[in-house]
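Residue 1 is where the sequence shown starts when you use this note's numbering, and the numbers rise one by one after that.
Keep in mind the hints are simulated off the structure, nothing from the lab.
C-beta: ideal position from N, C-alpha, C; glycine also.
Some hints could be false.
Pair ranges (Cβ atoms, derived) [as the list claims (entries may be wrong)]: (1) Leu45 with Gln247: 21 to 29 Å; (2) Lys29 with Lys165: 21 to 29 Å; (3) Asn58 with Cys298: 35 to 43 Å.
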Amino acid sequence: MNSIAVLSPYFGELPFYFSKWLDSARHNKNITFIIIGDVNMNISLPNNVLYKQYSFENLQKRIKEMFGYKSVIDKPYKLADYRPAFGLLFHDLLDKYDFWGYTDLDIILGNLDKYITTEKLQKYDKIGVRGHFSIYRNVSRINEQFLNTNMIRNTVTYKTAFLNKGAFHFDEDWGVGTRFLKQNILIDDLLSPQPVMADISPKKFNFHPINRDIKDAIYVWKQGRLYETSISNIGSEQKEVMYVHLQKRTLHDFTDGTVNSFIISAHGIFELNSAAFMKLSKDELTSQWAEGSFAHYCHYYLNVIKSGEMKARLYKWLQI
1 MNSIAVLSPY FGELPFYFSK WLDSARHNKN ITFIIIGDVN MNISLPNNVL
51 YKQYSFENLQ KRIKEMFGYK SVIDKPYKLA DYRPAFGLLF HDLLDKYDFW
101 GYTDLDIILG NLDKYITTEK LQKYDKIGVR GHFSIYRNVS RINEQFLNTN
151 MIRNTVTYKT AFLNKGAFHF DEDWGVGTRF LKQNILIDDL LSPQPVMADI
201 SPKKFNFHPI NRDIKDAIYV WKQGRLYETS ISNIGSEQKE VMYVHLQKRT
251 LHDFTDGTVN SFIISAHGIF ELNSAAFMKL SKDELTSQWA EGSFAHYCHY
301 YLNVIKSGEM KARLYKWLQI
């Protein structure tokens, strides 16, 4: 059996629903999850979840020692651009595994075995092209591939991503997502013919998964499996998904500790069939934050500017 380690560097306060992330990780026993950071980990961890205390200052030092003192790592958010380098940066943690990868803590996992099969691991060198979940074959040829600086249309090289402020999304389409495909690396993108994950748009309050024709989604987690349905069709047939990505959201967990099943909605996380969730009318579930409202878009794009992402987008558009 192939061994897989998935890294999650994290600095600051843990998400309110971190216990649910742990529940979902616990059920994926064939993967070792390694959280690296300075969080206050005062919670019992499953056997397949490890925590490595690491200050952001020490990580900055390690990056600059490996890629030069001009490397930009001014804030934890910038770590996303360094994800393709984790195989080198954290080789001491990853050497014993056949595959390594990265994921975020703002997701709830479903049954990963269904999507990361033995057949796929034999065939592909990389599975996933999104920063919220990707894994790589742990060999030098793949671990060092991001260092290739050949000019490829509509992409940036690691030097551009590492030496400039802002979010260049080097871990996704602007970087290795496209560059690896052009360099003949075998990839299962998990997006074709349709995405197997639910990547929730941060531009709307209601759950609107990107590239999916559903605008009021909710997710039901049952003993390690994750299902997608909608507010307007509660109780209808459900579609299983690999994970749900809750980017740029503050969701409260209204459950009482560890539960075997729960609902993930734009209004929070509730126990399945809980009175608190069921008594909300459909109007209440859909009206608290109007989609497309001027105030909401202002809030979203202000965060884009503050994070440095807008500056990076302008840089890329001018360079490519």
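Violations among the numbered hints, reported as their numbers in ascending order: 2
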